[in-house]
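**Student:** Sequence:
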Amino acid sequence: MFLEQDKLCKIQKNMGAEALSPVCANYPRTANQLGGQFEYSLGLSCPEVARLALLKQEPLGFIEVRKNPSLAGSGSLIRQKWERGEESPAKLALIYDLRALIIGILQYRTINIDARLMILGLLLESTEKSVGTEFEMLEKNLPMVLAEYAEMLPHAMKIQVELEKIEPDYSLKFSVFKDIISALMPKIIKGRFSECLQEAAEGLSFKSENPKSDSDIICNLRKFNSLICRPYLKANPNIFENYLVDYAFRTTFPLKYKSVLLHFREMVCNYLILKFLILGMAAYHKKLDDD
5 MFLEQDKLCK
15 IQKNMGAEAL
25 SPVCANYPRT
35 ANQLGGQFEY
45 SLGLSCPEVA
55 RLALLKQEPL
65 GFIEVRKNPS
75 LAGSGSLIRQ
85 KWERGEESPA
95 KLALIYDLRA
105 LIIGILQYRT
115 INIDARLMIL
125 GLLLESTEKS
135 VGTEFEMLEK
145 NLPMVLAEYA
155 EMLPHAMKIQ
165 VELEKIEPDY
175 SLKFSVFKDI
185 ISALMPKIIK
195 GRFSECLQEA
205 AEGLSFKSEN
215 PKSDSDIICN
225 LRKFNSLICR
235 PYLKANPNIF
245 ENYLVDYAFR
255 TTFPLKYKSV
265 LLHFREMVCN
275 YLILKFLILG
285 MAAYHKKLDD
295 D
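The numbering of the sequence shown is our numbering, which starts it at 5 and goes up by one.
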């Protein structure tokens, strides 16, 4: 609405940066508050941020900075305030330990992403059973859970080997994604994400004038995955890792809901949607590159 033909903001161009609203002035920066601590990150909806973060070969890292008054005072940008024991430094310290282990698992490059997510799901299942949805048993039981899974990581390859023995159900994956994208398309009618959905739908033959059977589409998609997606992802092997690490930090994972497993399921669903979107767009453009 406020962009001119050169894609520059009309307000900033004519009135200066001081005339921007807090959201526009701070974009793509976001802030979360966990206890008395603020966590700052950059949103992947910004194309340049996505390019820098997702294509980064080294593991994403974190640094300590001074409190940012412009973000701290902007109520619309402060998200995910945790309210289950913020008054207890001991509980908060354990939450930080849990989140550090989560990041460590997501960045454990000895095994593939699917195996990392399997271990993460097991960790969160054990966490929820041990500490309760209100974290009432946090201080008593979480240290044992964290120690158990930290000791498990050096042996994680065994989990990957067993996981690879399971034959993927491509028909089920395709059917679920087809339902998801069909539900999303009427709700997202403009913007770049809408364009991506349209392209992915056409690439996946959802909107083809001559629709093929699901089995034919799956066969074609496996071909595109082998010829286009796999070589690109081999050259850029950390895209999904970086996406998941960003998601975990930016959403104060796993604290969004009372159930840590519910937050985990949301993460996995977003990851699978992203994989299918990339595959669909690769099929649509007949290529996959950094743009």
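It is possible that part of the hints are untrue.
[Said to hold, decoys possible] Computed Cβ-Cβ distance ranges for the label pairs, DEER-style:
no., residue 1, residue 2, range
1, V165, F42, 35 to 45 Å
2, I192, K133, 45 to 55 Å
3, Y236, L276, 29 to 39 Å
4, Y275, Q16, 31 to 41 Å
5, C273, S175, 17 to 27 Å
To be clear, the hints were calculated from the coordinates, so they are not data collected in a lab.
By construction, the Cβ of each residue, glycine as well, lies at the ideal position given by its N, Cα and C atoms.
**Student:** Each hint: holds or not?
**Tutor:** Against the structure, the hints:
1. Take V165 and F42: their Cβ atoms lie about 42 Å apart, and the range 35 to 45 Å holds.
2. Distance hint check for I192 and K133: the Cβ-Cβ separation is about 37 Å, which falls outside the suggested range of 45 to 55 Å.
3. The hint said 29 to 39 Å for the Cβ distance between Y236 and L276, and at roughly 18 Å that hint is violated.
4. Distance hint check for Y275 and Q16: the Cβ-Cβ separation is about 35 Å, which falls inside the suggested range of 31 to 41 Å.
5. Our hint of 17 to 27 Å for C273 and S175 holds, since their Cβ atoms are close to 18 Å apart.
Going through the hint list in order, the structure does not satisfy hints 2, 3.
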